[in-house]
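Student: Now for the letters of each chain:
Protein chains: 2
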Amino acid sequence: MEETLGKLKRTHYCGVFREETAGEEVVINGWCQRMRNLGALIFADLRDRTGLVQVVFEGEGNKALFEKASAIRSEFVLAVRGTVRLRSNPNPELPTGKVEIVASELRILSAAETPPIYVEDDANTSEAMRLKYRYLDLRRPKMQKNLLMRHRIIQSIRHYMDEMGFLEIDTPMLSKSTPEGARDYLVPSRQRPGSFYALPQSPQLMKQLLMVSGFDRYFQIAKCFRDEDLRADRQPEFSQVDIEMSFVDEEDIMAINEGLMGRVFREVLGMEIPEHFPRITYREAMERYGSDKPDTRFGLELIDVTNTVKGTAFKVFADAIAGGGLVKGINAKGGAGFSRKEIDALANEVKTYGAKGLAWLSLSEGGMKSSFAKFMEESEIEALKRAMGAESGDLLVFVADPNGTVVNTALGLLRLHLGEKLGLIDHDRFDILWVTEFPMFEYDEEEGRYVAVHHPFTHPMEEDIPLLTTDPGAARAKAYDLVMNGTEVGGGSVRIHRKDLQLQMFELLGFTEEKAQESFGFLLNAFKYGVPPHGGIAYGLDRMVMLLAKVDNIREVIAFPKVQNASCPLTEAPTPVDAKQLEELGIRALEDKA
Amino acid sequence: MEETLGKLKRTHYCGVFREETAGEEVVINGWCQRMRNLGALIFADLRDRTGLVQVVFEGEGNKALFEKASAIRSEFVLAVRGTVRLRSNPNPELPTGKVEIVASELRILSAAETPPIYVEDDANTSEAMRLKYRYLDLRRPKMQKNLLMRHRIIQSIRHYMDEMGFLEIDTPMLSKSTPEGARDYLVPSRQRPGSFYALPQSPQLMKQLLMVSGFDRYFQIAKCFRDEDLRADRQPEFSQVDIEMSFVDEEDIMAINEGLMGRVFREVLGMEIPEHFPRITYREAMERYGSDKPDTRFGLELIDVTNTVKGTAFKVFADAIAGGGLVKGINAKGGAGFSRKEIDALANEVKTYGAKGLAWLSLSEGGMKSSFAKFMEESEIEALKRAMGAESGDLLVFVADPNGTVVNTALGLLRLHLGEKLGLIDHDRFDILWVTEFPMFEYDEEEGRYVAVHHPFTHPMEEDIPLLTTDPGAARAKAYDLVMNGTEVGGGSVRIHRKDLQLQMFELLGFTEEKAQESFGFLLNAFKYGVPPHGGIAYGLDRMVMLLAKVDNIREVIAFPKVQNASCPLTEAPTPVDAKQLEELGIRALEDKA
Chain B
759 MEETLGKLKR THYCGVFREE TAGEEVVING WCQRMRNLGA LIFADLRDRT GLVQVVFEGE
819 GNKALFEKAS AIRSEFVLAV RGTVRLRSNP NPELPTGKVE IVASELRILS AAETPPIYVE
879 DDANTSEAMR LKYRYLDLRR PKMQKNLLMR HRIIQSIRHY MDEMGFLEID TPMLSKSTPE
939 GARDYLVPSR QRPGSFYALP QSPQLMKQLL MVSGFDRYFQ IAKCFRDEDL RADRQPEFSQ
999 VDIEMSFVDE EDIMAINEGL MGRVFREVLG MEIPEHFPRI TYREAMERYG SDKPDTRFGL
1059 ELIDVTNTVK GTAFKVFADA IAGGGLVKGI NAKGGAGFSR KEIDALANEV KTYGAKGLAW
1119 LSLSEGGMKS SFAKFMEESE IEALKRAMGA ESGDLLVFVA DPNGTVVNTA LGLLRLHLGE
1179 KLGLIDHDRF DILWVTEFPM FEYDEEEGRY VAVHHPFTHP MEEDIPLLTT DPGAARAKAY
1239 DLVMNGTEVG GGSVRIHRKD LQLQMFELLG FTEEKAQESF GFLLNAFKYG VPPHGGIAYG
1299 LDRMVMLLAK VDNIREVIAF PKVQNASCPL TEAPTPVDAK QLEELGIRAL EDKA
Chain Y
759 MEETLGKLKR THYCGVFREE TAGEEVVING WCQRMRNLGA LIFADLRDRT GLVQVVFEGE
819 GNKALFEKAS AIRSEFVLAV RGTVRLRSNP NPELPTGKVE IVASELRILS AAETPPIYVE
879 DDANTSEAMR LKYRYLDLRR PKMQKNLLMR HRIIQSIRHY MDEMGFLEID TPMLSKSTPE
939 GARDYLVPSR QRPGSFYALP QSPQLMKQLL MVSGFDRYFQ IAKCFRDEDL RADRQPEFSQ
999 VDIEMSFVDE EDIMAINEGL MGRVFREVLG MEIPEHFPRI TYREAMERYG SDKPDTRFGL
1059 ELIDVTNTVK GTAFKVFADA IAGGGLVKGI NAKGGAGFSR KEIDALANEV KTYGAKGLAW
1119 LSLSEGGMKS SFAKFMEESE IEALKRAMGA ESGDLLVFVA DPNGTVVNTA LGLLRLHLGE
1179 KLGLIDHDRF DILWVTEFPM FEYDEEEGRY VAVHHPFTHP MEEDIPLLTT DPGAARAKAY
1239 DLVMNGTEVG GGSVRIHRKD LQLQMFELLG FTEEKAQESF GFLLNAFKYG VPPHGGIAYG
1299 LDRMVMLLAK VDNIREVIAF PKVQNASCPL TEAPTPVDAK QLEELGIRAL EDKA
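Residue numbers (the numbering used here), protein chains in the order written: chain B, 759 to 1352; chain Y, 759 to 1352.
Source of the hints: derived by calculation from the structure; they are not laboratory data.
Careful: at least some of the hints might be erroneous.
Note that identical chains are pooled: a pair holds if it fits in a single copy or bridges any two copies.
In silico lysine-lysine, DSBU-like type, Cα no more than 35 angstroms apart, as pairs [claimed, not checked]:
(1) 821 with 1286
(2) 890 with 1338
(3) 856 with 1286
(4) 1143 with 1109
(5) 1257 with 890
(6) 1257 with 821
(7) 1257 with 765
(8) 1091 with 1127
(9) 1257 with 903
(10) 1179 with 1109
Given the sequences, and given the hints that come with them, work out the whole structure.
Tutor: Written out as structure tokens, the structure reads:
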């Protein structure tokens, strides 16, 4: 029953037909979205990546054709020749809804069993089924749109980078395992049994070498790999837009990237964004938003009331202050209407963020309610209300802790929760900003050493170089993140280009000279032979697409994603392999039956 | 001594200065190519990716500046402010040779030790050293040019494919190990100990699924992997331009690809190539050129003289014919001047190609010489000369064998050798052609079964479908290779889109239904739900760049290539890893000390 395409090659895509096309003889190829047999007429909606059009088979015409058409089912692949005509009952929901194709010839190119999932945008299908039958799921217009947008974004990036004089250079996938960073995916070597390649976590070292090589401006859209347990916006393999340039400082790098974002938004979304993005230091971001990736689409900023409540008898506040900590609050405008149950839920929430509890005070027309007002003087409460800019209808929430970071972080997360709950987030808006002056290091209690916040190649701010010897924890980096709607989309830095400074960094990070040589020897060697000042940035492409496509799951913008345990529901990878394959690699799986 | 860039950011690249620029104050950044201190003057040539320009420091001017300049050595990284002026002694070899920059300010951004290899195009450096110090090797103008060309080629490909409505969609690197094809690189799974991902040998199955998904036109420049022993034009990881389209036949696919090549040649080399490429069937290519990737830049075609010498007493020819084989020759025009030693070398050569020997006959003014004329009648010799179109000055060479394939292959290789030796190959020319009608299968004596010549998803020619049951070895495929100057640059086919035919293929290839399900189950399942006719092609990008850049080694067009044993001389990958890493993956290396 299945036929070849033969001469029935399409003349038009399905989605293009309009009133003006009426009268033309056309050939279309596509999938049957649905078929209705009305006895005298058969309607079949034909779908391709551009849309749907109605095809009609008329019983009064060609009997053989009509009979053949009666075999059509959903998802059959068809080639149809016919004439476009105006519909007597136009469908205003469909771009092609004013016309239909009256079929004169039909070929059934491929039959289809009843598909296990509906090929429809609003079908309520579990993600497990969608991923198992991904080839059907990808037929849905939404998924087609997402991947089309992904294509447009990468095209737009490449055009711009090329115009700006950046060369795309691909760096090895079979690379070297290096310490620092996340867990590597390893690839056993057959020719050197016992040795392994690592799949790159980023092309960081290679792109720095390309700067040493004088390529001046490099970019790449590279696959990167991290063997970590997955979260909603992580995949074991992900795409990184990787950029590096020489003879520049932070200003040059930010300017290029502002241009890049402007181009992508213009070409992909048809939207103008500001030529320059606001900048906020890490410290200010933490203080005002309790986050190093603040969502600035709404207010609810954190207000420091430590001084306001200094000297209070309320033990929670007093203890925090005595311990050198902070008392901070958020004025949840209009939150006075929250029920006691809702407020308790907020309190539970901040506990999961590490705070000991939530102090609150609501001001409604019926009067003030509070979890702590009874422990404070009336004048103190008045001062607090003034500091918080409180009005009737507001809910004030406070966190106090001897550890200021706990206060900021907990309130920062609560702020996001409240922004959503109070409906303050404009989801049509894109707020893009730079977060700058990140700390160089954070102290890893577990390992008992400093670790790099960005990576070990990040240049300290010039004025903070002396701090590397006196107070490394206070040193700030020439590092910057690009934050969009509260998500870190990219991050970069000016790199160290002096060998002595790079060695000092490794020392600070607890590397012996031997270990530094073993792990990064080729970079340190390269640094002997003339290194330009350089810096760059890397974007998480998948996240960028996710934000621009306004979906909330990274799997919606990846054709064949992995799930939680890093497996692929479609191909079932990873799978056991033949014993012979392992033997050739000189390895043995310890749990063959796992 | 090393300084920051500060305000000395470049205003111009080094290679742009011409007479017209004289008088301008400029800032340039780059590497010192060489420095000459003449006592009263110091000259330093500054290099960046655009070229070189001469900088002069004048002793009579700023003393401090002059003293600082005297510290400059080769490969120091400098920032120089200065004024462009006309040179009193122009250097016609240098595009910037009419001018020089008189320095007024200098910053030494990075010092350099004496580099272990020369940063010069004609430096006679071993490849081992070049790859170990790749970051220096890449500073050479030739390597910069090669990678710039690579960038331009991929940009050109992407523009064209986008214009033609192809979406670039990336498919997983962590994929599933499948039989058929080369040896996989495996990646152990931490979350499923004992299971492995495979790095893709090509995105073949995924791109077919994308067609099943209705993406209609797909492309990708994808990294692919084969764990095979390397040859000069192979790398363990390589880049593939991967293309697939739906609702098409061979003609559509070839037309799109002719357009692609035309675009690349025009944009990258500024060269027009024919709109359509000549086509030759596999069979004709083997008969005329002894190769399925004929180099048509020169003649020396194979001439079948089996019938001409039928009945001869010369045993070598007679035996070949009696055994059902062939006698074929090449007229090496002008080869009569070869010495006996040279001819013996040719004879030895064909033996390494599998032939038993070489029969030859030379015609010079001094008369005829031959290895076999004495065994044949004069009339037979005359007939042979006529058949070969022999004239004075020619050398005729013959191979005879009961196995015709041996004859064609040996002469095909000898032909290439002779073309080179006789200087017949025009290295400025690009001959591009399609080789079509490849056989579906070849019989693998070792495995005792048919294997797919292209791959198991290749559609047989419609008229040869019945042969699948009667004589599979005779069935031809809807497959085509794109051959450029005797190198296979791309290959593709129309794919099977019918489940029954696909199952028949697997059966022919010796797969049990169970094994087919286990290995390709997701494809076979997808084939149940409506598959469009589809086909595509894949190019070896590295080879394509190699040909366009006119270099003879694939490593010249890859930034960080691997060598023979698949290791990287720069990073030393693959390397041993921490025992903890292997433990987490649930594997053990059997030869830890290898």
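Student: Within a copy, between copies, both or neither: which one fits residue 890 and residue 1338 at a CA-CA cutoff of 35 angstroms?
Tutor: This pair counts as both: shortest intra-copy Cα distance 29 angstroms, inter-copy 34 angstroms.
Student: Within a copy, between copies, both or neither: where do residue 1179 and residue 1109 come within 35 angstroms Cα-Cα?
Tutor: within (18 angstroms within a copy, 82 angstroms between copies)
Student: At most 35 angstroms between CA atoms: does that hold for residue 1257 and residue 821 within a copy, between copies, both, or neither?
Tutor: Only across copies: residue 1257 and residue 821 sit 29 angstroms apart there, 83 angstroms inside one copy, limit 35 angstroms.
Student: Using 35 angstroms as the alpha carbon limit, work out where residue 1257 and residue 765 are close: within a copy, between copies, both or neither.
Tutor: between (67 angstroms within a copy, 22 angstroms between copies)
Student: Since the copies are identical, ignore which copy is meant and state whether residue 856 and residue 1286 lie within 35 angstroms (CA to CA) inside a copy, between copies, both or neither.
Tutor: between (71 angstroms within a copy, 33 angstroms between copies)
Student: Within a copy, between copies, both or neither: where do residue 821 and residue 1286 come within 35 angstroms Cα-Cα?
Tutor: between (83 angstroms within a copy, 28 angstroms between copies)
Student: Check residue 1091 against residue 1127 for me: Cα-Cα at most 35 angstroms, and say if that holds within a copy, between copies, both or neither.
Tutor: within (15 angstroms within a copy, 106 angstroms between copies)
Student: One pair to classify: residue 1257 and residue 903, alpha carbons no more than 35 angstroms apart. Within, between, both, or neither?
Tutor: between (48 angstroms within a copy, 29 angstroms between copies)
Student: Reference check for the pair residue 1257 and residue 890, CA-CA at most 35 angstroms: within, between, both, or neither?
Tutor: Between copies, since 19 angstroms is at most 35 angstroms while 51 angstroms is not.
Student: At most 35 angstroms between CA atoms: does that hold for residue 1143 and residue 1109 within a copy, between copies, both, or neither?
Tutor: Answer is within; shortest intra-copy Cα gap is 24 angstroms, inter-copy 98 angstroms.
Every hint from the earlier list agrees with this structure, and none is contradicted.
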